[in-house]
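Participant: Protein sequence lines correspond, in order, to chains A and B.
Letter by letter, the first sequence follows residues 1 to 419 in our numbering.
Letter by letter, the second sequence follows residues 1 to 303 in our numbering.
Check the hints yourself; a few may be wrong.
[To be verified] Which bits of chain A does chain B cover? Going by a derived footprint, with three or more residues having C-beta under 8 Å, they are:
hint, segment
1, 178-188
2, 232-246
3, 363-376
4, 384-393
Note that these hints are calculated values from the structure, not bench results.
For every residue, glycine included, the Cβ atom is placed at its ideal position computed from N, Cα and C.
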Amino acid sequence: MTQKKLTGLLLATTVLGSAVAASAQDVTLTIESWRNDDLSIWQDKIIPAFEAANPGIKVQFTPSAPAEYNAALNSKLDAGTAGDLITCRPFDASLALYDGGKLADLSDLEAMANFSDVAKSAWQTDDGSATFCVPMASVIHGFIYNKDAFAELGIEVPATEADFFAALDKIKEDGTYIPMAMGTNDQWEAATMGYNNIGPNYWKGEEGRLALIRGEQKLTDEAWVAPYRQLARWGAYLGDGYEAQTYPDSQNLFTLGRAAIYPAGSWEISGFNSLVDFEMGAFYPPVQAAGDECYISDHTDIAIGLNAASPNADAARTFLNWVGSAEFATLYANALPGFFSLNSAPVAMEDPLAQEFVSWRDKCNSTIRSTYQILSRGTPNLETETWNASVNAIKGTETPEAAGARLQEGLASWYEPQQ
Amino acid sequence: MTTKSRLHIAVFLAPAVLVYTAVMIWPLFNTLRLALYTSGEEGRVFSGLMNFRTLFGDPRWSESFWNALGNNFWFFIVHMLVQNPIGVALAAILSHPRLRFAALYRSAIFIPTILSFVIVGFAWKLILSPIWGIAPSMLDAVGLKSLFAPWLGKEEYALTTLALISVWQFVGIPMMLIYAALLSIPEEVLEAGEIDGITGASAFWKIKLPLILPSIGIISILTFVGNFNAFDLIYAAQGALAGPDYSTDILGTFLYRTFFGFQLQLGDPHMGSTIATAMFAIILAGVCLYLFAIQTRMRRYQF
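Let the hints inform the model, and build the full structure from the sequences given.
Facilitator: Pasting the structure below:
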C-alpha cells in the first residue's frame with residue numbers, strides 16, 4: 001500500500017516536473033567534457049556570460065574523469081544518452097566519432113571563419129573538407145625555470161643548446177638545486193615534454209612533420225634521431241632516482257623550489273601559480289646554433305563539437321558560434337592561463353607567464369606534436385613507442401640510432417607512405 | 001513417477017544456473033568467439049584463427065606476448081618460492097601451543113590482504129620513492145644508503161619488487177589455509193609420534209608436513225590462477241604501459257592495453273579477446289595439469 005502511494009507520488013512529480021520545465025520554454029544544453037578541473041570556471045564564469053547574452057538557453061557542464069572520458073563518451077553516444085555538446089580530443093579520437101556519424105559537420109558554422117587552417121587541422125577530415133569541432137585552445141611546450149635560482153647562480157636564460165647545457169652544468173656543480181625536474185616513471189613526460197618539446201627545432205616544425213606523414217622523411221633521419229641524442233644527455237641532470245620519479249613528484253620538486261628547470265607544457269601555469277613562492281620564468285627550447293630559427297610545439301588540444309543526435313541543434317549552434325567568438329576566447333584564456341586561444345583575434349592575457357609562452361608564437365614557428373596526426377593510427381602505436389624510446393634514450397638503455405630504427409620499422413609495418 | 005519426483009531438482013537449480021550462465025558462461029564463450037573475428041570495412045568479419053596467427057606469428061605481437069608470459073612466470077615463481085614457504089613457516093610458528101599473542105600476529109599478517117590493490121600500490125610507491133620515501137632514509141640510518149636504488153624504475157628490479165609487494169600483501173592467505181590444516185591434525189597422531197621419539201622440528205617435517213601437503217597443493221593452484229590473472233597491482237603501481245620498458249608487463253596489462261586501447265591507440269576488442277583466450281588456455285592447462293597429474297597422486301590420510 002505505502003509502496004503504491006510512493007510510486008504514485010514519484011510519478012506525479014515526474015509529470016509535474018516536466019510540465020514545469022516545458023512551460024518555461026527553456027532549452028538546456030549539456031556539455032560532455034574531460035576537464036573536471038575546470039568545473040568551477042565553467043559554472044562561475046563562462047556559462048553565466050553566455051546565459052546572460054542568450055536568454056532561453058541554459059547550459060550544464062557535466063565533466064567526467066580524463067582517463068575515463070573516451071570510453072564513457074563512446075558508450076553514452078552509442079546508447080543515445082550523451083549531451084548535446086561534446087568536448088573533442090584532437091585528431092583520431094574525434095575523427096572516428098565524426099566518421100561514425102556521432103558528431104555533426106560544422107563546416108558551415110559562421111564562427112569557423114575566425115580560425116586558421118592549422119587551428120582547425122586537428123578536427124578535420126584528412127582531406128580538410130569537413131570541420132566537426134570548434135577549436136578552443138592549444139598548449140605550448142617549453143621550459144619553466146626558477147628565476148630566483150637563476151639569479152642566485154648568475155645564469156642567463158639559455159638561447160642555444162650549448163648555453164642550455166652550460167647552465168645545467170653550473171646548477172649541477174653548485175649542488176643547491178636539482179638541475180632539471182623530470183622523471184621517467186610515467187613515461188609520457190619524456191616524450192611530450194622531452195622529445196616533442198625539443199624536437200621541432202631539429203625537424204623544422206611543420207616542414208619535417210608533414211614530410212614524415214608524406215613518407216619523404218624517415219624516423220632514422222638525423223632530424224628525428226638527434227632529439228634522442230639530446231635526451232640521452234639529460235639523464236645526468238635529472239634528480240637522484242629519476243627512474244622511479246613520477247609526474248606529480250616532478251611537479252612537487254619544482255614548486256617546492258628544489259629544482260631549477262622544469263620541462264613543461266603551458267597547462268602547468270595555473271597550477272604552479274598557486275603553489276610557488278618564487279618567481280617563475282619560461283624559455284622556449286634552445287636552438288642548435290645562435291641565430292637559428294626556433295620552432296615550438298603549439299599543440300591543438302581541445303575543441304567542442306555538436307552531438308549529431310542532439311534534439312537542440314539550433315540552440316547548440318548558437319552556443320558554438322559564441323565559443324568561436326573573441327569574447328569567449330578572452331574569457332577562457334584568462335580563466336585558464338596556459339590554455340591559449342586558437343582564435344585569430346588577438347587575446348589580451350594578464351598572467352605574465354602565460355604572456356611569455358604566447359609571445360613565442362611571434363618569434364618562432366609553431367607546429368603540433370609529431371605523432372598525433374595520422375601516424376598513431378596503427379599497431380604498433382607510434383605515440384606509445386615514442387614514450388618508450390624517449391625513456392630509453394634518457395636512461396641510456398637504447399642508443400638514439402637503435403630507437404630511431406625500431407620506431408621506423410614499426411611505423412613502416414603498417415603505414416604505406418613509409419614502406 | 002521417477003521423472004516427476006526429480007523435476008524439483010531442475011527447478012531448484014534453475015536460478016543459480018541461469019544467473020551463472022548469464023554472468024559467467026555466456027560472457028566467457030562470447031569472448032572466445034570474439035577472438036575469431038576481425039573488424040573489417042563492413043563491421044565484424046569472421047576470420048577463423050587469423051588473430052592467433054598474428055599474435056604468435058607477427059614478430060612484434062609475439063615478442064610482446066612472450067615477454068608478458070615470461071614476466072608472468074617470474075611473478076609466479078617469486079610467489080611460489082617466497083610467499084608460500086613463508087606462509088607455511090608462519091602457520092607452523094603460529095600453531096605452536098606456547099606462542100603468546102598468536103591471534104594478534106595472525107591478524108596483523110592477514111590485514112594487508114584485505115587492503116585494496118590501489119592502496120597497496122600507492123603506499124609502496126611512496127615507501128620506495130627515491131624522493132620522499134622512507135626506504136632510502138631508513139637505509140641511510142643504518143649506513144646502507146648505497147644499497148638503495150629506485151627499484152620500481154629499473155628494468156632489472158621492477159618486476160621482482162612488485163612480486164615481493166604482492167607477496168607482502170597476500171602472504172596471509174597461505175598462512176591462514178595452512179594454519180587451519182595444522183589445527184585439524186588430531187593430537188593423537190602427534191602424541192603417537194612423540195611416543196616413538198619424534199618431537200619438535202622433526203614432528204613438523206615427518207608428521208605435519210605430509211598431512212598438510214594437499215593444502216599446499218591447493219595453495220599452489222590458487223597462486224597460479226591468481227598470478228596469471230593478475231593485473232591490478234601492476235596497473236596501480238606502473239600504469240597500463242607496465243614500465244620501465246615493458247619490464248613489468250604481464251598478460252593482464254598486455255590484455256588491457258590491447259582491448260581498451262591506450263592514449264592515442266584505439267582499443268581492439270578482437271586482438272584483446274585473442275590474448276584473453278590465450279590466457280584462459282594457459283590457466284586451464286595449468287589447472288588440468290595439477291588436477292590430473294598431481295592431485296590424483298597425492299596421498300590422503302583419513303583420521
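Participant: How does the coverage statement for the segment 178-188 of chain A fare against chain B, requiring three or more residues with Cβ below 8 Å from a Cβ of that chain?
Facilitator: holds (count 6)
Participant: Three or more residues of the segment 363-376 of chain A near chain B by CB distance under 8 Å?
Facilitator: Check passed, 3 qualifying residues.
Participant: Are there three or more residues in the segment 232-246 of chain A whose C-beta lies within less than 8 Å of some C-beta in chain B?
Facilitator: Answer holds; 8 residues pass the 8 Å Cβ test.
Participant: Mind checking, does the segment 384-393 of chain A have 3 or more residues with a CB under 8 Å from chain B?
Facilitator: holds (count 5)
Against the hints set out earlier in the document, no violation occurs for any number.
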